[in-house]
Amino acid sequence: MKNDTQFDAPRFDAPRFDAIVVGSGITGGWAAKELTEAGLTVLMVERGRNIEHQTGYETELKAPWEMPFRGQGDAALYAREYPVQMLNRHFNEFTESHFVNDAEQPYQKALGKDFDWFRSYQLGGRSLTWGRQCYRWSDYDFGANKRDGFGTDWPIRYADLAPWYDKVEEFVGVSGAAEGLAQLPDGRFLPPMELNCVEQAARERIRAKYPDRVMTIGRTANLTEARPEQGRAHCQYRSICARGCSYGAYFSTQSATLPAAKKTGRLKVVTDAQVHKVDYDAKTGRVTGVRWIDTKTGEHKVAFARVVFLNAGAFNSVHLMLNSASEAMPQGLANSSGVLGTHIMDHANTMAAMAVMPGFEGRTSFGNRPTGIVIPRFRNLETLDGEGFTRGYSFQGGALQGTWTRGKRMGGIGKAYKEELHKIGPWTMVLVVFADSMPRASNRLTLSKRTDPRGVRQLEIAFAHGKEEMAALADAHREATAMLTEAGGHVIMGFDRPGHGGTSIHEMGGARMGWDPKTSVLNRLSQAHDIPNLFVTDGAQMSSSACQNPSLTYMALTARACATAVSMLQEGVI
Amino acid sequence: MIGAKSGWNRREFGAGAALLALALGIPAAGVKLTNLDAEDQPSERQRRLIAEVSDLVIPRTDTPGAMDLGVGDFVVLALAHGLSGTRAPMASGAVTAAIEPFRRRDGSIRHLPWLERALDHAAGGDFLRYEPAERARLLAALDEAAFAQGAPPSPWTAVKGLILTGYYTSEAGGSQELRYELVPGKWEWDIPLTPDMRAFSSDWTAVDFG
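So the sequence lines, in the order shown, correspond to chains A and B.
Residues in the first sequence are numbered consecutively from 45, following this note's numbering.
Residues in the second sequence are numbered consecutively from 8, following this note's numbering.
Note that these hints are calculated values from the structure, not bench results.
Keep in mind it's a predicted model, so treat the numbers as computed, not measured.
Hints may be right or wrong, so weigh each one.
Here are the simulated DSS-like cross-link-like pairs (lysine-lysine), alpha carbons at most 30 angstroms apart as the crow flies [stated by the list, open to error]:
#1 K452/A <-> K157/A
#2 K193/B <-> K467/A
#3 K340/A <-> K312/A
#4 K211/A <-> K306/A
#5 K106/A <-> K452/A
#6 K153/A <-> K193/B
#7 K211/A <-> K193/B
Whenever a hint applies, use it, and build me the whole structure from the sequences.
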């Protein structure tokens with residue numbers, strides 16, 4: 045902001061709550077649910093618009109021929125206003141309203157560095173558009189920083205989180221198959237979705253050659269059994285989740301945590317409210333509330349609370365803390381360590397290999413399964429066997445049969461060509477790699493001098509993958525090629541270089557957890573070292589990245605932090 | 008020569024335009040061809056040409072052909088809005104002498120005028136003069152050259168891709184020629200593939216990656 049004092053709202057009649065939750069995505073929803081269910085009054089502040097469950101999913105039932113651009117969208121509009129979001133593979137004409145308009149929500153990239161920041165500013169945040177993959181982290185992950193010396197040691201281990209994983213999985217509804225793997229602990233699963241015939245064969249052939257490599261079905265937050273008590277039906281196998289699902293079959297704020305929080309009668313939600321500052325009282329050493337701009341009217345508003353949870357999304361929570369610098373905290377909120385904004389991460393990600401899979405010509409499937417396969421990490425477990433990298437990577441992907449779009453790569457015209465495209469296409473299989481992103485001080489967030497259309501200083505992102513990620517992806521490309529070949533495939537393409545930072549949409553870190561207040565922002569309870577009534581429980585708290593999808597871990601950490609905050613409030617500690 | 012049996016004479020172009028609005032359910036607002044910038048407005052001849060060409064790519068069988076569904080006008084609209092990367096600059100190394108006259112200042116290609124010129128050139132005159140069989144032969148030759156192993160990039164691949172998009176995302180193309188199941192309701196992971204089975208236009212993963 046140019047000058048925060050000019051936006052001072054009348055403070056004495058501002059609303060008061062036990063807790064304020066900034067953000068309504070995956071973790072904001074959990075914070076609202078847990079805190080209200082524990083008896084607290086909660087204000088949830090969301091910067092984007094309201095989207096009602098079911099009635100708000102406007103394109104859910106549309107066919108391509110009912111859309112102005114047949115579901116492809118107006119590329120000219122996208123080039124002007126969605127140049128980053130349009131790169132997301134879930135972004136299309138059906139889902140465009142679930143992503144930000146880049147022109148209205150600008151950010152800066154450090155000179156010579158790229159970062160594609162995919163964002164969904166709306167009630168429910170990215171819980172409406174997420175990939176729904178749910179994986180526990182293991183002690184290979186929580187012990188990673190200590191083992192190889194990158195970053196700072198996690199102040200927690202798997203045992204601290206295991207009961208919280210249980211709790212959130214049981215509510216979320218995660219379908220998956222138990223495999224008994226130390227590096228990818230089993231959870232409380234709903235029945236798995238089956239592998240298709242090509243994947244089943246590949247699983248067996250790969251395991252025969254590599255006993256330590258297990259291809260299993262992706263563990264996904266799509267219900268394979270209805271949850272009538274939550275008003276959620278089982279998955280309909282449409283795989284159009286990002287449009288919004290009126291069956292409530294995948295986990296989102298709207299389908300699951302928000303109804304639970306609302307049921308308590310203790311939740312107030314404001315939308316179109318861009319929080320730009322957390323207020324800090326130097327006399328008490330506590331945060332007192334938050335300020336926001338009503339993005340519809342331009343009005344500045346404020347609310348007070350006894351405890352504040354930041355769940356704005358990793359980079360936005362850090363942004364808010366940097367922007368909340370005050371006389372008492374000139375480097376940013378809870379930033380006495382000076383590490384706020386540093387050590388950001390995003391999995392190095394690329395399509396490692398794609399193969400044609402002959403031998404299954406007489407077989408097919410019915411339905412659109414909303415998950416693929418996963419091959420959990422097999423590198424650098426008991427022995428450090430990675431060449432030039434000390435952590436892991438894992439593969440996701442699956443086998444599929446082509447449809448009409450394959451005609452775009454085929455010569456031919458006329459009746460014979462049409463008849464060829466009439467048929468279900470040949471089987472192919474894809475392995476996409478996600479590799480650990482090393483925590484580095486040089487990958488960091490700062491405040492830009494430029495402001496957004498509402499006058500708030502923009503975030504500047506400086507991020508680059510390093511040689512460890514390059515080494516991991518080179519190894520992954522070799523191994524993916526070898527495995528698909530072993531599975532009987534003919535590899536036709538593959539890459540060994542990551543996409544831009546942000547491509548994984550697993551951006552995290554910036555307010556890392558650690559033992560030492562001098563070198564970390566948060567303690568082992570997701571609580572700011574400097575400010576006892578401030579909790580940051582989204583991706584910002586991560587000290588390392590692992591190579592698994594992180595959302596389930598954010599949810600478990602949030603539920604745990606809520607229990608901590610509630611008991612501290614009850615004991616009068618905060 | 009203009010043949011009495013040419014596909015064009017039997018199917019009025021105006022009917023195609025009406026079908027565009029009706030069969031494709033395009034809302035009146037925003038996407039009428041008359042709303043296009045002057046630069047993106049095709050000549051009547053170009054509009055007729057792309058309708059004919061789309062029908063050569065996907066002709067009528069026991070299901071409608073591309074002309075029945077107004078696919079030509081979809082291609083015009085799609086090119087005007089740059090779908091499938093058609094407003095991205097073409098790598099200068101790939102711009103041949105035949106393509107150069109159709110290059111915009113931003114390096115992108117004016118696909119329709121290029122196609123008109125390429126087909127007329129192949130026809131040694133007016134492409135549309137010929138009988139459908141001869142047009143098909145000329146277009147097939149252009150297509151074969153564009154898709155040959157190691158062929159240089161051709162604007163034709165994008166035009167052909169948009170013809171496919173226009174056809175298979177139409178109601179008849181998506182749900183008669185292919186199968187469209189918005190709510191499969193179940194996952195059958197291994198079933199026999201029989202010769203009568205049609206591909207799905209609603210297999211979104213296959214549409215993206217297949």
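Now for the hints, and whether the structure bears them out:
1. Between K452/A and K157/A, the direct Cα distance comes to roughly 34 angstroms. Violation of the 30 angstroms bound is thereby established for this hinted pair.
2. For the hint linking K193/B to K467/A, the alpha-carbon distance of about 21 angstroms falls within 30 angstroms, and the restraint holds.
3. Proposed proximity of K340/A and K312/A is supported: the alpha carbons are some 18 angstroms apart, at most 30 angstroms.
4. Proposed proximity of K211/A and K306/A is supported: the alpha carbons are some 20 angstroms apart, at most 30 angstroms.
5. Distance check on the hinted pair: K106/A and K452/A sit about 24 angstroms apart at the alpha-carbon level, within 30 angstroms; holds.
6. Distance hint between K153/A and K193/B is unfulfilled; the C-alpha atoms sit about 44 angstroms from each other, more than 30 angstroms.
7. Distance hint between K211/A and K193/B is fulfilled; the C-alpha atoms sit about 28 angstroms from each other, no more than 30 angstroms.
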